[in-house]
Amino acid sequence: MREVAFGQYYPGNSFLHKCDPRSKILFLIVYIVAVLLCQNFYALGGCAAVFLLIAICSKIPFKLLLRSVKAVLFLFLFMTILNLLFTEGQTILWKWNFITITQEGVYFSIFLSARFFLLVLSSSLLTLTTTPISLADGIESLLSPLKLVHFPVHALALIMSIALRFIPILTDETGKIMNAQKARGADFETGGLIQRVKSVLPVLFPLLISALRRAQELGDAMEARCYSGSQVRTKYKKLTFTWRDLVAFVVAVLLLTGIILLRVYTPSVL
Amino acid sequence: MEVIKFENVYYSYDRETVEQEELFDLHDSFALRGVDFSVKEGEFVAILGHNGSGKSTLARLVNGLLSPTSGKITVFGMDACERRNLFEIRKQVGIVFQNPDNQTVASIVEDDIAFGPENIGIEREEIGRRIEFALRSVGMEDFRNGTPNRLSGGQKQRIAIAGVLALKPRVMILDESTAMLDPRGRKEVMEVVKRLNREEKITVILITHFPEEALLADRAVVMHQGKIVLEGAPKEVFQKQDILERFSLVTPRPVRLCRALTKGGLPVADSMDPMEVAVGISNAIERVEPSQILQTKGAGLRSRTNTKENSETGGVLCQDLSHVYNIKSPFETQALEGVNLEINSGEFFGIIGHTGSGKSTFVQYLNGLLKVPSAEKKYKEKKSKKGLLPKPILKVNGFDLTDKHTDFRNLRSKVGMVFQYPEYQLFAETVWEDVAFGLKNFRPESTPLEVKEAVKEAIQTVGLSYEEVKGRSPFELSGGQRRRVAIAGVLVTKPEILVLDEPAAGLDPLGKEEIMSLLHKIHNDWCKTIIIVSHDMDEIVENCTRAAVFSEGKVLVTGTPEEVFSQAELLYEKGLDIPFVAKVCAQLRAKGIEISCDLTLEDFTEKLFDFAKNKGAGMRLRSEGGQNHA
Numbered sequence: 001m002r003e004v005a006f007g008q009y010y011p012g013n014s015f016l017h018k019c020d021p022r023s024k025i026l027f028l029i030v031y032i033v034a035v036l037l038c039q040n041f042y043a044l045g046g047c048a049a050v051f052l053l054i055a056i057c058s059k060i061p062f063k064l065l066l067r068s069v070k071a072v073l074f075l076f077l078f079m080t081i082l083n084l085l086f087t088e089g090q091t092i093l094w095k096w097n098f099i100t101i102t103q104e105g106v107y108f109s110i111f112l113s114a115r116f117f118l119l120v121l122s123s124s125l126l127t128l129t130t131t132p133i134s135l136a137d138g139i140e141s142l143l144s145p146l147k148l149v150h151f152p153v154h155a156l157a158l159i160m161s162i163a164l165r166f167i168p169i170l171t172d173e174t175g176k177i178m179n180a181q182k183a184r185g186a187d188f189e190t191g192g193l194i195q196r197v198k199s200v201l202p203v204l205f206p207l208l209i210s211a212l213r214r215a216q217e218l219g220d221a222m223e224a225r226c227y228s229g230s231q232v233r234t235k236y237k238k239l240t241f242t243w244r245d246l247v248a249f250v251v252a253v254l255l256l257t258g259i260i261l262l263r264v265y266t267p268s269v270l
Numbered sequence: 001m002e003v004i005k006f007e008n009v010y011y012s013y014d015r016e017t018v019e020q021e022e023l024f025d026l027h028d029s030f031a032l033r034g035v036d037f038s039v040k041e042g043e044f045v046a047i048l049g050h051n052g053s054g055k056s057t058l059a060r061l062v063n064g065l066l067s068p069t070s071g072k073i074t075v076f077g078m079d080a081c082e083r084r085n086l087f088e089i090r091k092q093v094g095i096v097f098q099n100p101d102n103q104t105v106a107s108i109v110e111d112d113i114a115f116g117p118e119n120i121g122i123e124r125e126e127i128g129r130r131i132e133f134a135l136r137s138v139g140m141e142d143f144r145n146g147t148p149n150r151l152s153g154g155q156k157q158r159i160a161i162a163g164v165l166a167l168k169p170r171v172m173i174l175d176e177s178t179a180m181l182d183p184r185g186r187k188e189v190m191e192v193v194k195r196l197n198r199e200e201k202i203t204v205i206l207i208t209h210f211p212e213e214a215l216l217a218d219r220a221v222v223m224h225q226g227k228i229v230l231e232g233a234p235k236e237v238f239q240k241q242d243i244l245e246r247f248s249l250v251t252p253r254p255v256r257l258c259r260a261l262t263k264g265g266l267p268v269a270d271s272m273d274p275m276e277v278a279v280g281i282s283n284a285i286e287r288v289e290p291s292q293i294l295q296t297k298g299a300g301l302r303s304r305t306n307t308k309e310n311s312e313t314g315g316v317l318c319q320d321l322s323h324v325y326n327i328k329s330p331f332e333t334q335a336l337e338g339v340n341l342e343i344n345s346g347e348f349f350g351i352i353g354h355t356g357s358g359k360s361t362f363v364q365y366l367n368g369l370l371k372v373p374s375a376e377k378k379y380k381e382k383k384s385k386k387g388l389l390p391k392p393i394l395k396v397n398g399f400d401l402t403d404k405h406t407d408f409r410n411l412r413s414k415v416g417m418v419f420q421y422p423e424y425q426l427f428a429e430t431v432w433e434d435v436a437f438g439l440k441n442f443r444p445e446s447t448p449l450e451v452k453e454a455v456k457e458a459i460q461t462v463g464l465s466y467e468e469v470k471g472r473s474p475f476e477l478s479g480g481q482r483r484r485v486a487i488a489g490v491l492v493t494k495p496e497i498l499v500l501d502e503p504a505a506g507l508d509p510l511g512k513e514e515i516m517s518l519l520h521k522i523h524n525d526w527c528k529t530i531i532i533v534s535h536d537m538d539e540i541v542e543n544c545t546r547a548a549v550f551s552e553g554k555v556l557v558t559g560t561p562e563e564v565f566s567q568a569e570l571l572y573e574k575g576l577d578i579p580f581v582a583k584v585c586a587q588l589r590a591k592g593i594e595i596s597c598d599l600t601l602e603d604f605t606e607k608l609f610d611f612a613k614n615k616g617a618g619m620r621l622r623s624e625g626g627q628n629h630a
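Chains as they are written, first to last, in the working numbering: chain G, 1 to 270; chain B, 1 to 630.
Bear in mind the hints are in silico, worked out from the structure with no lab data behind them. None of the values given here were measured: they were computed from a predicted structure. Hints may contain errors.
Stated by the list, open to error - Residues from chain G shown here face chain B by an in silico Cβ test under 8 angstroms; the list is partial: (1) I162; (2) R214; (3) T257.
Beta carbons are placed, not taken as given, at the ideal position from N, Cα and C, and that holds for glycine.
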């Protein structure tokens, strides 16, 4: 059987893996805010140090972390070059025709790149150490106050859970259908845009039908197991905070205060 | 006490659905036509019937997934037509469905089992206890935190059963829950069901195609065209061969064997147990005078197609083939490990193995869906280090699949591949277009007339009427017809080798027989070589000239069915079964009756008659000689 490697999750048993998903999500939010509040390289250096500490705690191979940057590398370079070229400043380092590179521009583009880099890395650290399922659990739990305004949090959670359950199944099925059509001479790799869009139809159509059939059967199975969507449901799984989450909380508070203090007392490069 | 009672129940699918169901051979729109049926507390009832006989409708009516057009259904004294009773009824009556993938809602086993109890508002601690109870009942305690995706089909179905058990139902309905499983999975599930019925006193309604499973029940009910046509103890029901055949059901193979022997003059009582059959046979041989044997020819059972002439094309040669999925990742799995296999031109070859044994991976190599590294476009020859795997050899139909210059498109048009459940790959608006798809891809230069002729021939070969189906949507057809259309879509390029992965999976016994005889027809008229992947041992024995057993990525045994199944110990050790006739042969051997045959029913009966005529006489002589001596 082919194992579908799904999501980014990297199995492990580290401090970070064992943290409650809610505190990881909240920590990431705090961290993003902190990075965005940074005004100069001292503050950013602080954020980077915290990130390094967490990354080491997670025991995720560094190569794997860098892979997540690869995906956005183009955007990253584009942004850096744009900033390099179009930031105005007094100290001109190099000039050719309409292209001017200033010292401020160099600082600014390095600063923004570093910021961007940290945001991407820290987000991928979350998905690398948390299974999609516990992420969904965490989101559900964090959204639960919305129940008060009659937001269907439970239905949303169930949708997430079923989606996660069926993504590998449908991925597998896509592979099977593609193979079957390839065996009948379908070609997915060559041809122009229209040709390629056309060649996807023999895969898309059976896949859609299969998904609908599965949905119908799943609906029956859920109904047969007393699901009606409206009644008072209990919840078996409860997330519980541990000492790890306390540590995360303390680090988050320290980080945020530190950054705010730096913002007040050190000059900005912006 | 009667827990379920149907009184004169009629059910009709609404207009919209009728159009889809029409092709299930229903002449009017009624799926149930006057069913009277009841089940007692603690009973184990099996419901049999061909596809479209109304048995699944019956199951869905019991717990209100459908409600009857007319008639009365009472479940635990509650009227199942009243909406307000449904919740209570569903707590008491659980259903396990056919597809193991489409019943679980969560990606972690315990979360999924908790789903039912959560729905009825059970307290947290109690849910924990119920999960433990349910998992223990199905023997899956170790998988509590696992994910269903990595389980086998049988394990997934056991999880589905656990999910139903957690609601503490008193009745459990299994709606063809074993139809999509391999023999090992089927056995696992049936053992669980049997135990639940005996130990937990759960009433079981088992809807099935498999006679072996129905035999475990206290009572068997046969349905045909929405009516109950036969009822009784399973053993007795299966003895009514003529009636069963009238209702499009197939007599189980063991019973057919006993019948053929009795007809030929060796009276053997009908039985499904190889031990009993063997005892019956040896007793009959003892008793019957050789002159009483009427027949020396088998009783009209189909025999295997013989190997055709050898030629250049149509063969497969494979050496040292290995394959690893997700290489260098945490999910790395070795699917093939040094496979050596030779398939000759003209063979009807069988590949046997469990899910995960590597057989499906292997067949994907045969038409280049998976490629040997050296056949990849980007491949550059690397200096091989010492101790590296030997370079694989893979030749199919005269093509060298280890060479990157091979014309893979041409190969694919010569080596046809029919995947599991091929009907799910149909996509076009009409049957005609779907069948023509492959031809248009492989030979875009062919004229419309050529295409038309080829499509017509392919559709007719699979036993469908060209004029009738060509303009219809494939989705209007019945399951069996759709499968035929899918096979036609592969045949249309006239492949020399046809590979089929589980061609009969999910069909009822009659459908299975029809597909297998279709394959023989194709073997005679169209393709030189046919390779089928199957886990039905009887299917292999009855149809294949040679077979190979795959296990853990390696070829365990290769040879004629007789050679393969003589290694019973080895096969049992790998969790594989052997065919019924092979079991009877082994039992007979233990009694000193040595029959060597190719293990088809026909050949076996023939050899037995010969034995009874000749050696049977010899045995008697010996025993008489002994008496004289005394």
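Checklist line | Numbers of the earlier hints that this structure fails to satisfy, in rising order | finding: Structure breaks hint 3 only.
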